[in-house]
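Participant: Taking the hints into account, I'd like the entire structure generated from these sequences.
There are 2 protein chains.
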Amino acid sequence: MQNEKIPYKIYLSENEMPKAWYNLRADMKQKPAPLLNPGTQQPMTAEELSGVFCEELVKQELDDTTAFFQIPEEIRSFYKMYRPSPLVRAYCLEEKLDTPAKIYYKFEGNNTSGSHKLNSAIAQAYYAKKQGLKGVTTETGAGQWGTALSMACAYLGLDCKVYMVKCSYEQKPFRREVMRTYGASVTPSPSMDTQVGRKILAEHPGTTGSLGCAISEAVETAVGSEGYRYVLGSVLNQVMLHQSVIGLEAKAALDKYGVKPDMIIGCAGGGSNLGGLIAPFMGQKLRGEADYRFIAVEPASCPSFTRGVYAYDFCDTGMVCPLAKMYTLGSGFIPSANHAGGLRYHGMSSTLSELYHQGLMEATSVKQTEVFEAAEYFARVEGILPAPESSHAIRVAIDEAMKCKETGEEKTILFGLTGTGYFDMVAYEKFHDGQMEDYIPTDAELEQYRNTLPKIG
Amino acid sequence: MQNEKIPYKIYLSENEMPKAWYNLRADMKQKPAPLLNPGTQQPMTAEELSGVFCEELVKQELDDTTAFFQIPEEIRSFYKMYRPSPLVRAYCLEEKLDTPAKIYYKFEGNNTSGSHKLNSAIAQAYYAKKQGLKGVTTETGAGQWGTALSMACAYLGLDCKVYMVKCSYEQKPFRREVMRTYGASVTPSPSMDTQVGRKILAEHPGTTGSLGCAISEAVETAVGSEGYRYVLGSVLNQVMLHQSVIGLEAKAALDKYGVKPDMIIGCAGGGSNLGGLIAPFMGQKLRGEADYRFIAVEPASCPSFTRGVYAYDFCDTGMVCPLAKMYTLGSGFIPSANHAGGLRYHGMSSTLSELYHQGLMEATSVKQTEVFEAAEYFARVEGILPAPESSHAIRVAIDEAMKCKETGEEKTILFGLTGTGYFDMVAYEKFHDGQMEDYIPTDAELEQYRNTLPKIG
Numbered sequence: 102m103q104n105e106k107i108p109y110k111i112y113l114s115e116n117e118m119p120k121a122w123y124n125l126r127a128d129m130k131q132k133p134a135p136l137l138n139p140g141t142q143q144p145m146t147a148e149e150l151s152g153v154f155c156e157e158l159v160k161q162e163l164d165d166t167t168a169f170f171q172i173p174e175e176i177r178s179f180y181k182m183y184r185p186s187p188l189v190r191a192y193c194l195e196e197k198l199d200t201p202a203k204i205y206y207k208f209e210g211n212n213t214s215g216s217h218k219l220n221s222a223i224a225q226a227y228y229a230k231k232q233g234l235k236g237v238t239t240e241t242g243a244g245q246w247g248t249a250l251s252m253a254c255a256y257l258g259l260d261c262k263v264y265m266v267k268c269s270y271e272q273k274p275f276r277r278e279v280m281r282t283y284g285a286s287v288t289p290s291p292s293m294d295t296q297v298g299r300k301i302l303a304e305h306p307g308t309t310g311s312l313g314c315a316i317s318e319a320v321e322t323a324v325g326s327e328g329y330r331y332v333l334g335s336v337l338n339q340v341m342l343h344q345s346v347i348g349l350e351a352k353a354a355l356d357k358y359g360v361k362p363d364m365i366i367g368c369a370g371g372g373s374n375l376g377g378l379i380a381p382f383m384g385q386k387l388r389g390e391a392d393y394r395f396i397a398v399e400p401a402s403c404p405s406f407t408r409g410v411y412a413y414d415f416c417d418t419g420m421v422c423p424l425a426k427m428y429t430l431g432s433g434f435i436p437s438a439n440h441a442g443g444l445r446y447h448g449m450s451s452t453l454s455e456l457y458h459q460g461l462m463e464a465t466s467v468k469q470t471e472v473f474e475a476a477e478y479f480a481r482v483e484g485i486l487p488a489p490e491s492s493h494a495i496r497v498a499i500d501e502a503m504k505c506k507e508t509g510e511e512k513t514i515l516f517g518l519t520g521t522g523y524f525d526m527v528a529y530e531k532f533h534d535g536q537m538e539d540y541i542p543t544d545a546e547l548e549q550y551r552n553t554l555p556k557i558g
Numbered sequence: 102m103q104n105e106k107i108p109y110k111i112y113l114s115e116n117e118m119p120k121a122w123y124n125l126r127a128d129m130k131q132k133p134a135p136l137l138n139p140g141t142q143q144p145m146t147a148e149e150l151s152g153v154f155c156e157e158l159v160k161q162e163l164d165d166t167t168a169f170f171q172i173p174e175e176i177r178s179f180y181k182m183y184r185p186s187p188l189v190r191a192y193c194l195e196e197k198l199d200t201p202a203k204i205y206y207k208f209e210g211n212n213t214s215g216s217h218k219l220n221s222a223i224a225q226a227y228y229a230k231k232q233g234l235k236g237v238t239t240e241t242g243a244g245q246w247g248t249a250l251s252m253a254c255a256y257l258g259l260d261c262k263v264y265m266v267k268c269s270y271e272q273k274p275f276r277r278e279v280m281r282t283y284g285a286s287v288t289p290s291p292s293m294d295t296q297v298g299r300k301i302l303a304e305h306p307g308t309t310g311s312l313g314c315a316i317s318e319a320v321e322t323a324v325g326s327e328g329y330r331y332v333l334g335s336v337l338n339q340v341m342l343h344q345s346v347i348g349l350e351a352k353a354a355l356d357k358y359g360v361k362p363d364m365i366i367g368c369a370g371g372g373s374n375l376g377g378l379i380a381p382f383m384g385q386k387l388r389g390e391a392d393y394r395f396i397a398v399e400p401a402s403c404p405s406f407t408r409g410v411y412a413y414d415f416c417d418t419g420m421v422c423p424l425a426k427m428y429t430l431g432s433g434f435i436p437s438a439n440h441a442g443g444l445r446y447h448g449m450s451s452t453l454s455e456l457y458h459q460g461l462m463e464a465t466s467v468k469q470t471e472v473f474e475a476a477e478y479f480a481r482v483e484g485i486l487p488a489p490e491s492s493h494a495i496r497v498a499i500d501e502a503m504k505c506k507e508t509g510e511e512k513t514i515l516f517g518l519t520g521t522g523y524f525d526m527v528a529y530e531k532f533h534d535g536q537m538e539d540y541i542p543t544d545a546e547l548e549q550y551r552n553t554l555p556k557i558g
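In order, the protein sequence lines correspond to chains V and G. Per the numbering used here, the first sequence starts with residue 102, numbered consecutively. Per the numbering used here, the second sequence starts with residue 102, numbered consecutively.
No lab work stands behind these hints, which were simulated from the structure alone. You may find that some hints are simply not true.
[Said to hold, decoys possible] Chain V is faced by these chain G residues, among others (derived, beta-carbon under 10 Å):
#  : residue
1  : S178
2  : K181
3  : L219
4  : A255
5  : F275
6  : R276
7  : V279
8  : E483
9  : T521
10 : H533
[Claimed, not checked] Sample of chain G residues lacking proximity to chain V, with all beta carbon distances greater than 12 Å (derived):
#  : residue
11 : Q143
12 : C268
13 : R281
14 : K300
15 : T308
16 : Q385
17 : R388
18 : K506
19 : T508
20 : T553
21 : P555
This structure is a prediction, so every number in the text was calculated from the model and none was measured. Idealized CB from N, CA, C, for every residue including glycine.
Facilitator: Shown next, in the form of structure tokens:
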């Protein structure tokens, strides 16, 4: 290991860090389909969106031609607190797998929020602050996004109201406390604070909530409160834009050592990490400058790319948000309760959906027991306790490295290690105790949810 | 912030990382007092110690003249997985405090064990492996040391048996699961596995255990099992030696930019972090090359430096371990159950005790509510969720920075941020809910425990 010229971790110096986000849509000939107003079925206008989102973010959301957006100085200062994130050469993993493959991972868990979510949280909070707003509202499931947003708001002195899916609120009290440490108010959803919450509680008194319901409550609160806007941690174009910092840094680090990956692997829930990681590489592919394999990895229990349909759908279960064209399982779809591996969103980023639709990207699904097996193996070998979400990418990276072992090919693999698993030990415990089951929805089940898709056009 | 020439984080490149540990004792004219055999009251011999510790570690424990020990290549390879740890210039904190002081912290929480403990865990596990042992035993309280040792053992393929204080085992199931993820067996202590455990359970059927009892069980298991040795995460000279990597890296990073700290602040439980952080700086002071203020910070509820006595005492409650001369509250002392801030050890490293005794170092104690106040403030400003232990140092660093604000002095402060607080959210919750109380032992209470000190000579 010690004789390799490529260091174990490649860090960029401050002046090598990206100064602009890259907007992948600018290089797409066929652009992602626009968000539609569910009432009129017409593209959402900036004016319509600005009741929900900050003005600057609306601009970013709608702009599919500007390739680069300058990262404001204040955001770059904040980034310095935890960026550049390390690009790690997985020497130990390669050695244990005895593979000729060269494996790299971009580790985004190196901050208190424990994931890449902070990259967009600070950007969204910054624009809210700049617009003179009092605060923002959001929903959180597993809690990574809520934590990230709380941190960003604490830093900027912005109020932060988080609706946390009730079952997570109860099962993950520590996540809740981290958010409170950062000064956020955390409300279990559904709550009696909102109309939609009261309605759901009246209809389903014992419900433990869902992400879709929490989104609806957060949106209602934002729209109904003076000086508040709603922010979202994935799926949206603006989020992909901010997350491009992951890929830009990764590419700069690899370029420094003349390394070109053969394949780039990322887990995919709403697509924020994957979209960010692949952005500059996909840009090269779109411009015909280089070719790469891109592999999206999703849970077999929530297979939007691999078993969903490409259609307009609601972004939330409550059906109050705009319609997005995406690979979706139907907005009513919720993965089995025994699914512990995250990535539970029914849909997928419109940008990534369009790229997948055009055949520019592959997708695969993996079972959660295989995911936790890879997670534990990785933890022991590489010393980082990965989040279940991230471990989807680890699983496929290991599988690809083992294929190289069979064929003798020295392929270079880059994958995104999006976060750490400190708050997922209940799931790890289940796995250790042999109590984790796999769940794969049947075709009939998927068909049923597909029937909830709105009829467009 | 962006115009400063000193970067937000100073990283060392691989070739700038320390290649040898520094043995502070070599530069001490008056050496720390030796460990004594409790039976004969004579200094422990290498032979006596080698029943409990690995041979190489016994050598390191007893050697007070060799200034540098080469770090074996294998350990340096492991260090590369998470070292160099960042030396952070706390620009945001300085700005929020509006202080002319320059604040730096060495952040050791950037690895899955979440603390600096890994620096010594890998070294101790390595020497056990090299000696051809099957495994090691240890105790853990809060769980940082147990986690670190589990990681090191998983990496080297060594068996790891952890005795975890029963109340922590039950209150911190996630810590336990992290250790299991790394393949360690974790037994709540007292247990029925050992003689000492059975004896304690017979005498105190409902006991929730103590660190002292867990040490005794771990030592008994090591001594009674073929191919096992006992390892300890603090207090010992060998641990101070391994932890010197913290100070060596910090000093190298500061030297790169010509920065000389005026004061160096660290939290002190058994002394492993503080001893490691100050080592090379204290060496300069001992050799008359430079002067620094060194400040040990301990909890007001467990004030071994500030209110203990300098005397020979048992390292464990069970009184089976050798006697060490140290600042101690008496081996029977246990901080109040409401103390959540860690650093609960009744004694202190012999080396640090001797330095303090010689007036080369200061010590101060702080109340836990003030500690958590500083912790929360720091989290919001610097973005890192600190461990309660580390937050003792933060408290005093902030206090010193505020003194600079009063006097206008531009002092340079370096403090050790030993770890992260992800597994301490129960304590944070208490603090948020206003249910955290301070506890300061009375003179009469301390007097009572002092009576348990062994009579030596």
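Participant: Work down the list of hints and note, for each, if the structure agrees.
Facilitator: Right, here's what the structure says about each hint:
no., hint, in the structure
1, S178, "holds (6 Å)"
2, K181, "holds (4 Å)"
3, L219, "holds (8 Å)"
4, A255, "holds (4 Å)"
5, F275, "holds (4 Å)"
6, R276, "holds (8 Å)"
7, V279, "holds (6 Å)"
8, E483, "holds (7 Å)"
9, T521, "holds (7 Å)"
10, H533, "holds (5 Å)"
11, Q143, "holds (42 Å)"
12, C268, "holds (18 Å)"
13, R281, "violated (5 Å)"
14, K300, "holds (31 Å)"
15, T308, "holds (25 Å)"
16, Q385, "holds (29 Å)"
17, R388, "holds (32 Å)"
18, K506, "holds (21 Å)"
19, T508, "holds (28 Å)"
20, T553, "holds (37 Å)"
21, P555, "holds (41 Å)"
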